[in-house]
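Let the hints inform the model, and build the full structure from the sequences given.
Protein chains in written order, with our numbering: chain A, 570 to 673; chain B, 570 to 673; chain C, 570 to 673; chain D, 570 to 673.
Hint data in this document are derived by calculation from the structure and do not stem from the laboratory. Warning: the hint list may mix true and false statements.
When chains are identical, the list treats them as one kind, so a pair holds in a single copy or across two.
Here are the computed lysine to aspartate or glutamate pairs in the EDC-like style, where the Cα-Cα straight-line distance is at most 20 Å [as the list claims (entries may be wrong)]: (1) Lys673 - Glu581; (2) Lys673 - Glu580; (3) Lys619 - Glu671; (4) Lys577 - Glu588; (5) Lys661 - Asp650; (6) Lys673 - Glu656.
Computed from a predicted structure; not experimentally measured.
4 protein chains.
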Amino acid sequence: MGFKKAQKDVEEWVSQYTEGYWPPLAIISRLTEETGELAREVNHRFGPKKKKSTEENAEVADEIADVIFTLCCLANSQGIDLDEAWEKMMQKLRTRDDKRFEKK
Amino acid sequence: MGFKKAQKDVEEWVSQYTEGYWPPLAIISRLTEETGELAREVNHRFGPKKKKSTEENAEVADEIADVIFTLCCLANSQGIDLDEAWEKMMQKLRTRDDKRFEKK
Amino acid sequence: MGFKKAQKDVEEWVSQYTEGYWPPLAIISRLTEETGELAREVNHRFGPKKKKSTEENAEVADEIADVIFTLCCLANSQGIDLDEAWEKMMQKLRTRDDKRFEKK
Amino acid sequence: MGFKKAQKDVEEWVSQYTEGYWPPLAIISRLTEETGELAREVNHRFGPKKKKSTEENAEVADEIADVIFTLCCLANSQGIDLDEAWEKMMQKLRTRDDKRFEKK
Chain A
570 MGFKKAQKDV EEWVSQYTEG YWPPLAIISR LTEETGELAR EVNHRFGPKK
620 KKSTEENAEV ADEIADVIFT LCCLANSQGI DLDEAWEKMM QKLRTRDDKR
670 FEKK
Chain B
570 MGFKKAQKDV EEWVSQYTEG YWPPLAIISR LTEETGELAR EVNHRFGPKK
620 KKSTEENAEV ADEIADVIFT LCCLANSQGI DLDEAWEKMM QKLRTRDDKR
670 FEKK
Chain C
570 MGFKKAQKDV EEWVSQYTEG YWPPLAIISR LTEETGELAR EVNHRFGPKK
620 KKSTEENAEV ADEIADVIFT LCCLANSQGI DLDEAWEKMM QKLRTRDDKR
670 FEKK
Chain D
570 MGFKKAQKDV EEWVSQYTEG YWPPLAIISR LTEETGELAR EVNHRFGPKK
620 KKSTEENAEV ADEIADVIFT LCCLANSQGI DLDEAWEKMM QKLRTRDDKR
670 FEKK
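So this is what it looks like as structure tokens:
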């Protein structure tokens, strides 16, 4: 399971349209844009101006989902299996990085 | 299921250490860094210099996983349920944006 | 000369207000946001959808200026002299990187 | 003067080589990468781990210069005059945004 559902949701949505996935550099540009929108939300909530109530997580959550959608577009367009990539990363963290931080 | 496993993997890894989750703006800074590393990989493979073989997806996949790890840190630290955020976004896409692109 | 005028313009503008410069991580968050807005403009003009006329440079120019403004905030808040940093970088390019690319 | 010198330095450096300026989306990808490197430096110095001495501004300054270099590549490749863009932005700040913050 894991990321399979998200990758399949994106594939089903994109495959309805004639446009298809964008080329990789255009997806990176979109990712930069979406990352920027998430940064703005987080800065509004937790930054020096802190105008937002501490209860409003919804907009931050929305922006995280948009970033993941863009990452799924890149993964799908290149035939990348995110569950496999995730397990490989967690494996590396559990071995290589195990001693980098102070344990409880 | 969906993102639950990834969020749990991150929680288990972080909770081993005394440091805990970083404050939101520090996580955004890390996200900017990880997004930059993904951009570099994609530019190396698909950009104007194209030094990399078209078969090497592994490094792009690794960098995507690192970005998702950072997003899970932000979500976990703020009590955000990514499955919920994802379903909300997909629902919006399926309704509001349904007519934005040319259908097949 | 060089960047002195830009740094001074920013200093004069910021020093009018009680708020002052943001802390470094908040400026990075803003920088991520502004970089994202520039990415969006460039993707609109040069990306796969290319809705914009090839004559419209104004919006890209505006977004570049916004990114530089944010960089000047970071530099000013940390007492960084951008002319000095620029000369150091150009010097490094002219020596270390001189043989990295094919000369005309 | 202002940004003219920086734009000219970049033009002289790039024009030595056969490669020329990259296409806009590849420059954005590089910009995302350079912004990420700046974010890492700032997070190292001012973030939760703060391993770096508070005296080390040099690396942050280096990374800011790298970001500006990339912005000059984008501007030069599109015939954008950064001094003009800067003045237009400062003019807008001085008029439109004049009342947005609390004056001293």
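Checked hints:
In this homomeric assembly, Lys673 and Glu581 come within 20 Å of each other (Cα to Cα) only across copies, at 12 Å, whereas the closest approach inside a single copy is 44 Å. Taking the closest pair of Cα atoms, Lys673 and Glu580 come within 20 Å of each other only across two copies (14 Å); inside a single copy the shortest separation is 42 Å, beyond that limit. In the homo-oligomer, the alpha carbons of Lys619 and Glu671 lie at most 20 Å apart only across protomers (15 Å), although the nearest pairing inside one protomer, at 32 Å, exceeds that limit. In this assembly of identical chains, the alpha carbons of Lys577 and Glu588 lie at most 20 Å apart only when taken from the same copy (17 Å versus 36 Å across copies).
When the C-alpha separation of Lys661 and Asp650 is checked against a cutoff of 20 Å, the pair qualifies only within one copy, where the shortest distance is 17 Å, while the shortest distance between copies is 25 Å. For the identical chains of this complex, Lys673 and Glu656 are neighbours neither inside a copy (24 Å) nor across copies (35 Å), given an alpha-carbon limit of 20 Å.
Of the numbered hints listed earlier, the single one contradicted by the structure is hint 6.
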